[in-house]
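**Q** Once you know that position 257 of the sequence shown is 257 in the working numbering, the rest is easy, because the numbers rise by one and skip nothing.
No lab work stands behind these hints: they were computed from the structure. Keep in mind it's a predicted model, so treat the numbers as computed, not measured. Where hints are given, some of them may not hold.
Stated by the list, open to error - Mimicking EDC-like on lysine to aspartate or glutamate, the simulated pairs with C-alpha atoms at most 20 Å apart in a straight line are:
1. K544 / E273
2. K460 / D507
3. K149 / E273
4. K149 / E70
5. K563 / D371
6. K490 / D474
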Amino acid sequence: MQPQFKKRALVLGVGASAIAALVACGGGGGSESSASLSPSQVQGKAVDFYLSQANVVFTDCNKTTTTDTEGNFTVPSGCAKSAIKVSGGTDIGTGLPFGGVLQAPATDLTQGGTVLVSPMTTLLSQVGTDQSSALAGKLGVQASDLLSKDPMNDSGLLQNVVATQQLIEQIAKALTGLSQSTGGTLTPEAAAAAAAAAAAVASALVGATGSTDVSDPTLIASAIVTAVKNSAASLPASVVANVDAIAANLAALIAPVIAGYVANVNDGLDSVELSATPAETLTALKSAGSMHAVVDSVQSDASSLLAATVTPASLRDTSLADSLASLGNAVAEGDEDTINEAATTLGSNVNSGNLSGLINRVKHKDFLRVDTVSVNDTVVPVANAITLRADTISTLKTAVTQVGSPFGYGNSEIRAGVRYRYNGNELSAVIQRIVLTFNSNNKLVAAQVPAGTNFEFVLKGTTNTRLSVTSTGDNLLDGSTGELVLPIAKLQAKLKNSGILTAAQVDALTPKAPARVTMALALAGTSGQMVRVRAATGHGNRTKSLPVIRINAGDSSVVGYGKRSVVTLLP
1 MQPQFKKRAL
11 VLGVGASAIA
21 ALVACGGGGG
31 SESSASLSPS
41 QVQGKAVDFY
51 LSQANVVFTD
61 CNKTTTTDTE
71 GNFTVPSGCA
81 KSAIKVSGGT
91 DIGTGLPFGG
101 VLQAPATDLT
111 QGGTVLVSPM
121 TTLLSQVGTD
131 QSSALAGKLG
141 VQASDLLSKD
151 PMNDSGLLQN
161 VVATQQLIEQ
171 IAKALTGLSQ
181 STGGTLTPEA
191 AAAAAAAAAA
201 VASALVGATG
211 STDVSDPTLI
221 ASAIVTAVKN
231 SAASLPASVV
241 ANVDAIAANL
251 AALIAPVIAG
261 YVANVNDGLD
271 SVELSATPAE
281 TLTALKSAGS
291 MHAVVDSVQS
301 DASSLLAATV
311 TPASLRDTSL
321 ADSLASLGNA
331 VAEGDEDTIN
341 EAATTLGSNV
351 NSGNLSGLIN
361 RVKHKDFLRV
371 DTVSVNDTVV
381 PVANAITLRA
391 DTISTLKTAV
401 TQVGSPFGYG
411 NSEIRAGVRY
421 RYNGNELSAV
431 IQRIVLTFNS
441 NNKLVAAQVP
451 AGTNFEFVLK
461 GTTNTRLSVT
471 STGDNLLDGS
481 TGELVLPIAK
491 LQAKLKNSGI
501 LTAAQVDALT
511 PKAPARVTMA
521 LALAGTSGQM
531 VRVRAATGHG
541 NRTKSLPVIR
551 INAGDSSVVG
561 YGKRSVVTLL
571 P
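Work out the full structure: start from the sequences and follow the hints.
**A** Below, the structure is given as structure tokens:
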């Protein structure tokens, strides 16, 4: 999680699953299974990644069915003009139970068509199908795509879909926490919370100016405020009487947490390259590590716990907005000392018992700690902007400490990805395997790229190509400082020695002062395994979260924790 994140000029409007076609139905009672799909019948698909064995309810004709293992279902006869709700089952992307509710508004379906039910059709169910063009404009997609295109066949829609659903689910969790704290009737299983959240996200999205960033805290805060008001019927009179203050304070408290989760999901699916089939695409996403952020968001109950950790009185007190926001930011960072410090400021406005449970859920015990970062042997801050007096960028180094058991029961191995953009060119490089060794003090003492490991390169700009270079055994440890080295100059030399690029082409990729270089670095486990990475703050043992970053290298893409920075080179 993280309270600050990259703004992107496109992506979703809020939430998670792509928008597909609208469904319908009408008729009598009963239930039908989707075991056999007749071509003459209207078929459907439930997508937040595909939902397996989910319950499909045709609300206007009182019939139900169940999806197959790829989210397919058949619309029962007589139900071609019914609205649809989908719940339960398993999301095949995460392998976890689906806890949300998808909807599709009633429409007149033609036999033989296929209807998609997704988070986007859920949004249209709330604002009306006449808002299709407005919604699509906010998402930067075509209105027709919202109604007909399977997001597993469109990377932009897939990113929008998954992030949007997570936004909806996170807001629903916050509403159940508020209800628990104030004595309301919303529960985690209640469809009312999901509906209130979806309606709020839809309103915030349609009302936004221009293209939207799903992780924009302003957008998220606006959606939370509206969601609280949408839930008034399920909240006690004491909340309804002070709904404006409570909604604003809850937004200040929860928005940083939700923004962190949604930004990580969004960035982990950024610019995904689709494979030949949806199944192959999903396999590639898992291998790269894209699904870890989605699983984190699905499994997290931080939004609910945090809402229930502060007292109802604190949510009514408008003077506490800044202190509540500080607590929300601390929870988003996941550092115990920082959370306790923020909670102390609020004093009796925090339930100490609930706070202890919240800390146990969000604090991180097993991770790689980035203690320092240096560029060309000059220590620099872990910041969004860095100014450096140097002719070029030759090396990135980081001092790394092992905290707890970041590799679980596996080997101490990571993948590393680096990307930089300079003078209209982009170079992405992925090192597929780095074997790390730590001493008894958990300090790094060896970092070796085994012989036979591939260095994968993708170049865009003046030269557009992909190539793979096999290592003969590369040492990535600075023995004098104990730092992990990501040698930019060595990567460029490997490109030159490959024989595929000329010296002039490699020279064009080499930053030269004065220049502005946009850089990104990501560290991840091998074979899609989760390895968390956090950054030391310089204050005792405190750490802060690092964002999820995707370095695209085709089938060898890496999605992990890291940092983006703009490096200004001065001669």
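**Q** Could you run down the list of hints and mark each one as holding or not?
**A** Hint check:
1. K544 / E273: Judged against 20 Å, a Cα distance of about 30 Å means the pair is violated.
2. K460 / D507: 14 Å, holds
3. K149 / E273: 17 Å, holds
4. K149 / E70: 16 Å, holds
5. K563 / D371: 14 Å, holds
6. K490 / D474: OK: K490 and D474 at ~10 Å, within 20 Å.
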